[in-house]
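Please put together the full structure from these sequences, using the hints given.
Given next are the chains, with one letter for each unit.
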Amino acid sequence: MTEPQPASSPSLPRARQPAAPALSAAGEGWPALARGGLWREAWRRLRRNRAALAGLVFLALVALGALGADLLAPYPYWQQDLAAVRQGPSPQHWLGTDELGRDVLSRLLYGARISLAVGLIVQLLIVLIGVPVGALAGYYGGWLDTLLMRAVDVLYSLPDLLLVIVVMSTVRAALHGGGTPSGLAAVDAAFGGLLGVFVALALTSWLTVARLVRGQVLYYKTREFVEAARALGASTPRLLWGHLLPNTLAPVIVAATFGVPHAILLEASLSFLGLGVQAPLPSWGAMILEGYKAMRAQPHLLIAPATALSLTVLSCNFVGDGLRDALDPWLRH
Amino acid sequence: MGRYLLRRVLLLIPIWLAVYTLTFALMQATPGGPWDREKPVPREVREALDRKYGLDRPVWQQYLDYLASVVTRFDFGPSYTSRGRTVNDILADFFPVSLTLGLLAMAVGTTLGVTLGVVSALRHNTWIDYLAMAFAIGGVSVPAFVVGPLLVIVFALGLGWLPTQGWGRPEQAVLPVLTLALLPAALLARYTRAAMLEVLRADYIRTARAKGLPGRLVLLRHALRNALIPVVTVAGVLLGTIITGSFYVEFVFNVPGLGRYFVTAVTNRDYPVLMGVTLLFATAVAVMNLLVDVLYAYLDPRIRYD
Chain A
94 MTEPQPASSP SLPRARQPAA PALSAAGEGW PALARGGLWR EAWRRLRRNR AALAGLVFLA
154 LVALGALGAD LLAPYPYWQQ DLAAVRQGPS PQHWLGTDEL GRDVLSRLLY GARISLAVGL
214 IVQLLIVLIG VPVGALAGYY GGWLDTLLMR AVDVLYSLPD LLLVIVVMST VRAALHGGGT
274 PSGLAAVDAA FGGLLGVFVA LALTSWLTVA RLVRGQVLYY KTREFVEAAR ALGASTPRLL
334 WGHLLPNTLA PVIVAATFGV PHAILLEASL SFLGLGVQAP LPSWGAMILE GYKAMRAQPH
394 LLIAPATALS LTVLSCNFVG DGLRDALDPW LRH
Chain B
2 MGRYLLRRVL LLIPIWLAVY TLTFALMQAT PGGPWDREKP VPREVREALD RKYGLDRPVW
62 QQYLDYLASV VTRFDFGPSY TSRGRTVNDI LADFFPVSLT LGLLAMAVGT TLGVTLGVVS
122 ALRHNTWIDY LAMAFAIGGV SVPAFVVGPL LVIVFALGLG WLPTQGWGRP EQAVLPVLTL
182 ALLPAALLAR YTRAAMLEVL RADYIRTARA KGLPGRLVLL RHALRNALIP VVTVAGVLLG
242 TIITGSFYVE FVFNVPGLGR YFVTAVTNRD YPVLMGVTLL FATAVAVMNL LVDVLYAYLD
302 PRIRYD
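For the protein sequence lines, the chains are A and B, in the order given. So in this note's numbering, the last one in the first sequence is 426, and the numbering has no gaps at all. So in this note's numbering, the last one in the second sequence is 307, and the numbering has no gaps at all.
To be clear, the hints were calculated from the coordinates, so they are not data collected in a lab. None of these values were measured; they are calculated from a predicted model. Do not rely on the hints blindly, as some may be mistaken.
Here are a few chain B residues that face chain A, going by a calculated C-beta distance under 8 Å [stated by the list, open to error]:
| hint | residue |
| --- | --- |
| 1 | V20 |
| 2 | T22 |
| 3 | A26 |
| 4 | A30 |
| 5 | I138 |
| 6 | I154 |
| 7 | V155 |
Covered by chain A, per the in silico footprint, the following chain B stretches (three or more residues, Cβ under 8 Å) [as the list claims (entries may be wrong)]:
| hint | region |
| --- | --- |
| 8 | 218–226 |
| 9 | 267–277 |
Even glycine gets a Cβ: it sits at the ideal position worked out from N, Cα and C.
What follows is the structure, given as structure tokens:
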């Protein structure tokens, strides 16, 4: 969402309205690039965006809850109390208990850990896959470009969750195949199947970043400053690292920011369908499934994780929108 | 145009092969095969089953045999878990339900999304605009498996206006269609608004206004028609959201459709069903994208594929 602009009189023709501030800032932003002035400018613009700021604050709270879950959670997330099942909110259990008497607030806090870990780690993997693929395709062109980009086209044409489900089932099966469990399988089992979720989400979501990076590299590799560096004898790695990849930073940051809520939602969807994180780990998606089953008698079991998930994803989207607007000069050409 | 069309149709083949190979790899990677349940299956039974389904042959031969039967006879073979039923039987049973649900959701989502987008562009930076965009960003952030149960709590359990679940009677379709339509509507509202704002700034709109055309005519004949052209391109994405949305909407509302069956097939490791449904969905989206590109060239005379 863009920041509300000052209301102009309705009789003013649209074409004569002042252009968005981002446009006018673009010209001034460029020379400041080397001094980091653009980052300061972007931060200044982000701070003025109230929705993005609110999103940042909420995400900071969620992160705090996730990191401090061991201290903040009143109970262990797996601790059952069969004498107190399906209770409403009370002083002992602020958000009530689930069908096994587990404290909902505690499970929400640990669930935040899973959601944030999925959101961040998957983005890291996506950047690790997408940036090299896009950079190679864009820089070398030719058959390599054709091959990589046709592969991206093919994967792009499939609905994301469909692809994730098939890939994750394959990864799971491969991990836990064979008689004796391998090291990775043990890790996956210890983390309730999270490893499979990470890998499947990363393998299916790097396409956007690859396309973006390829486009940026294609655009910049013919610019004068790259030509000049090449003429001065810069090596290929130096051209890529020193000149081309820094210019892909802004769009990659924006794409990764929007990738976080996407990954969080996909993990929650998988867990809601019973295909994601395994019990007793408290994924928000799995908690929503339990809440859905109990919604007639205890709607709070649904509403608590549903609110947590929705607000987190909403905050991420606000921050993403804000960042996109703030980094506008870099994203335009 | 002819050559472009041919190239696009040919691109369907790698899409198909990728999906086929991926799903086939899944079948192969599973430990112990599809017969593993809580109770171990005796070895003789397993071997008999393997022979019956051709799973005792070398992997490459299975890959080619199955591919041949799918391509030449559109035959996905028998389901592993539903005794005596083929994948084609299952598709024939469940697909019409999902198709009805999906078409209804597409119709509702398109109407709602385009209307909201147009209205918010015309009332740019007013409370109507902010409200519509709040809906758009909310629709992208709140998943269908949250919206569905919430709608049930309010309209079925609370107000008692509509049934909580089921399929067949018209009133049973209302909540699942609304839930499924939400994401496409939210996406469309954003796209339409952006396209409409762009078009309203164009010179030809100013010209049309300047020559004294009534506002309504400018809007319908000049603005909306041109604004909708880029919006058409997201039809493939919308179909994708409807397909993946059906996985949980059909589950939440207990609709006997293909989306719900797909999830069950994953859980039950019923790979032939998985293969059939995945290929069907992938083909639907690929064909939709192809149609969109052809339609795009037709709608916008500036675009010609060579």
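Taking the hints in turn, this is what the structure says about them:
A least Cβ separation of about 7 Å between V20 of chain B and chain A falls short of the 8 Å threshold, and the interface hint therefore holds. Interface hint at T22 of chain B: violated, since its Cβ lies 11 Å from the closest Cβ of chain A, which is beyond the 8 Å cut-off. A least Cβ separation of about 6 Å between A26 of chain B and chain A falls short of the 8 Å threshold, and the interface hint therefore holds. Hint status for A30 of chain B relative to chain A: holds, with the closest Cβ pair at about 4 Å, below 8 Å.
Because the smallest distance between the Cβ of I138 of chain B and any Cβ of chain A comes to about 6 Å, under 8 Å, the interface hint for this residue holds. A cut of 8 Å between beta carbons decides the hint on I154 of chain B: the least distance to chain A is about 6 Å, and the hint holds. Of the supplied interface hints, the one on V155 of chain B is violated, with its beta-carbon coming no nearer than about 10 Å to a beta-carbon of chain A, more than 8 Å. Counting residues of the region 218–226 of chain B whose beta-carbon sits less than 8 Å from any beta-carbon of chain A gives 0, not enough to reach three: the coverage restraint is violated.
Residues of the region 267–277 of chain B lying with their CB closer than 8 Å to a CB of chain A number 3, which satisfies the three-residue condition for coverage.
Hint check: violations occur at hints 2, 7 and 8; the rest are consistent with the structure.
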